[in-house]
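With the hints as extra help, turn the sequences into a complete structure.
2 protein chains.
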Amino acid sequence: MLQKRIKVGLLGLGTVGSGVYRILTEGNTTLGEKAGVDLELKGILVRDPKRQRLVDVDASLLTTDPGTILGDEDIDIVVEVMGGEEPARSYIEEALRAGKQVVTANKEVMAKHGAELLQLARERGADLFFEASVAGGIPILRTLQESLAGEEVEAVYGIVNGTTNYILTAMDSKGLDFAEVLAEAQALGYAEADPTADIAGHDATRKLAILASLAFNIQVPLDQVHCAGIEEITAADIEAARELGYVIKLLAIARRDGERVEARVHPAFLPQGHPLAGVDGVYNAVLVEGRAVGTLMFYGAGAGQMPTGSAVVGDLIAAARNLRAGARGNNATGFAREGKIIPMEEVETRYYLRLRVAPEPGVLGTVTGCCGAEGVELASLDVKNWGKDSADLHIRTQRAKEKAFRRLLAALGREPQIYAVESAIPIEGEG
Amino acid sequence: MLQKRIKVGLLGLGTVGSGVYRILTEGNTTLGEKAGVDLELKGILVRDPKRQRLVDVDASLLTTDPGTILGDEDIDIVVEVMGGEEPARSYIEEALRAGKQVVTANKEVMAKHGAELLQLARERGADLFFEASVAGGIPILRTLQESLAGEEVEAVYGIVNGTTNYILTAMDSKGLDFAEVLAEAQALGYAEADPTADIAGHDATRKLAILASLAFNIQVPLDQVHCAGIEEITAADIEAARELGYVIKLLAIARRDGERVEARVHPAFLPQGHPLAGVDGVYNAVLVEGRAVGTLMFYGAGAGQMPTGSAVVGDLIAAARNLRAGARGNNATGFAREGKIIPMEEVETRYYLRLRVAPEPGVLGTVTGCCGAEGVELASLDVKNWGKDSADLHIRTQRAKEKAFRRLLAALGREPQIYAVESAIPIEGEG
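Chain order of the listed sequences is A and B.
Oh and the first sequence: position 58 is 58 in our numbering, straight run, nothing missing.
Oh and the second sequence: position 113 is 113 in our numbering, straight run, nothing missing.
Check each hint, because a few of them may be wrong.
[To be verified] Which residues of chain B face chain A? A few of them, derived with a C-beta cut under 8 Å, are:
#1 L148
#2 G290
#3 T295
#4 A318
#5 L409
Keep in mind that the hints were calculated from the coordinates and are not lab data.
Predicted, not measured: the structure shown is a model, and the values here were computed from it.
Cβ coordinates follow ideal geometry from the N, Cα and C atoms, glycine included.
As structure tokens, then:
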């Protein structure tokens, strides 16, 4: 079938945009052949056309005026790789209103505005693809929307932030504390100058919201996703985890319980033999548990110019194929119903606790008494460093609701024999 | 948009067919909603309508006459889950000629006839989906066709046969020999009464041909895929692998080298830390190496009623969506060009060798002399069980072409001091 060349406008030419540019232009012999489409980059929106770039770009393509791209009827597909909420969201909306196909790598926009943008896409008969917004090069979103469309997904969870996984892996392998490794990660470019969005878990929260929106076909209000970061993880925590047979990972977890869904991001102890325990450095991995399919795992580079660029180009080809087939606007699934999120207090999990206590007879009785009173059963208790001034207790609990656990922490805080609760970290991946 | 119900005909109601039936009929609350299509099972082709089945099926749906389904203009989508080459291939062809959408789980048909059936589908404006033909529930084929359409794939390889992986895992964990574990696997239903297709590697060869056809957009002549099974792997091999830091897996490997592709199935030593080394039992895993995306891994159940049924239903939904969108016949990618397969003799790999030799001075010189003469360099040599009658040599080689290696084996066979070459197994996953 003869087909005009499909013209593409790129919004943004940072890390991801440069990756997209390289994949589209650097002698990929099979792209046109396998994709079955003929793509032409017609314009690139940048803030400063004179800036030094990661790639050599034909200067005549660059523009600082979004209207040059969004208002060009000749441009069929707009690729948004600027990042940040605004003006990216407005540009996506404008492109969809103009009936253009849109590809975005923007997790913030999709987590916050995915439902209405997909609705708009459906109304305008356009596609909105966003594979690169979660887990970089790992093709998990299209898998959830298409291959697993008939699957009753029970849970989707994993490691979806490369910065924190790099930090936790380095803390583990080098025995260093959080602050030291963060400084090193910043020097290497694995963490940003302001790393808050990553280390506080916000980035993972957005990605989890998108994953859950597709897995369960719901809208996930970001402010109802429980979020805890890795700032308070210490070398002592990681050492204690290893001694007990665990590793510490920042997990993003969404799990269906009847009509409701739990959605949470926090560091957790994972058994050393768990499939996610071996996911190190800047790699990501996502597990899907489905009623029929069982457990699937998807593993790959979670960020970076070329892997994320690859995901964008995959979407770009899908958008172009649909355009050519006259089949736009049929893939905008997910985000359908208002999600009912289970409040964190009602979520059940196990916990690791480390207490610094008075080295006195009866202190164990005090601790077990508090646990019993609040309905948190012990699974193990190890006494370490029994000295003149203090002793350490390492505790693993049975499953209990978060609210019982919070009451327990408050009760321990009222006991004079308990000097400090040094760590309280959920344990995942064990029945 | 209002849409007639899409009517489906099922060819076959064995293990996979029963899984498909269950997923379509057993109270999956999200199927219609997420899929966005309304599917009705209109007829099921079986050999014997009176046979006891894995599922309770409305007897009025059953037919023994393929024409009832293939000739029914009311049926939009035909799902072939009979297995075997004929009559499955003819039925698929007939359905495509009638312009029906087709979903198949049939690796034999797709490996042997994929190119012409996809060509026929294109000509008739129909879709032919076959996700379930490789690696059961793991959504690897659609990922290669869609998400990675823009990716220059360099290699695709993995563990794609559950029966052999179950046997190798059990040999490893129980220290048993091949024949004992095979008998056990047959009793448990993990191996068929005639297990040849699995243990001799033919099943994996078909799956590899399909993977390579999509990854590299080529046709792979099955008879050019090098194929060796696991029949000759012994408990001694597995023990030797463990001592040297490896596990033994049956690997299916396709790797691009310029315009040509190597394609081979054989048991191999894999380092214990390799991502595939931990894939145990009936699980499968496929790795994809792409120029931009780096290494991706996909892991899950490689067979079984429900996982494979899930893959079929995912395809069924895709076929129905395309039908509804009027966008049939646009996804039949892969299998385009005639593939140039590198002859096995020219493939480079490393080898593990175990020799039983005469316990005489000079025997090591004989062995190293043969290696040097044939251009195979040693990486390590361990002498074990030096006794009165014989000694064992465990050898790891550097990379060499297969043909040099075959010459070496012939040369060793001519040496009177070399009593036997007890094992010769390629080493993969190390530089």
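Hint by hint, here is what the structure shows:
| no. | hint | verdict |
| --- | --- | --- |
| 1 | L148 | 6 Å, holds |
| 2 | G290 | 6 Å, holds |
| 3 | T295 | 7 Å, holds |
| 4 | A318 | 6 Å, holds |
| 5 | L409 | 36 Å, violated |
Comparing the model with each earlier hint shows a violation of hint 5 alone; every other hint is respected.
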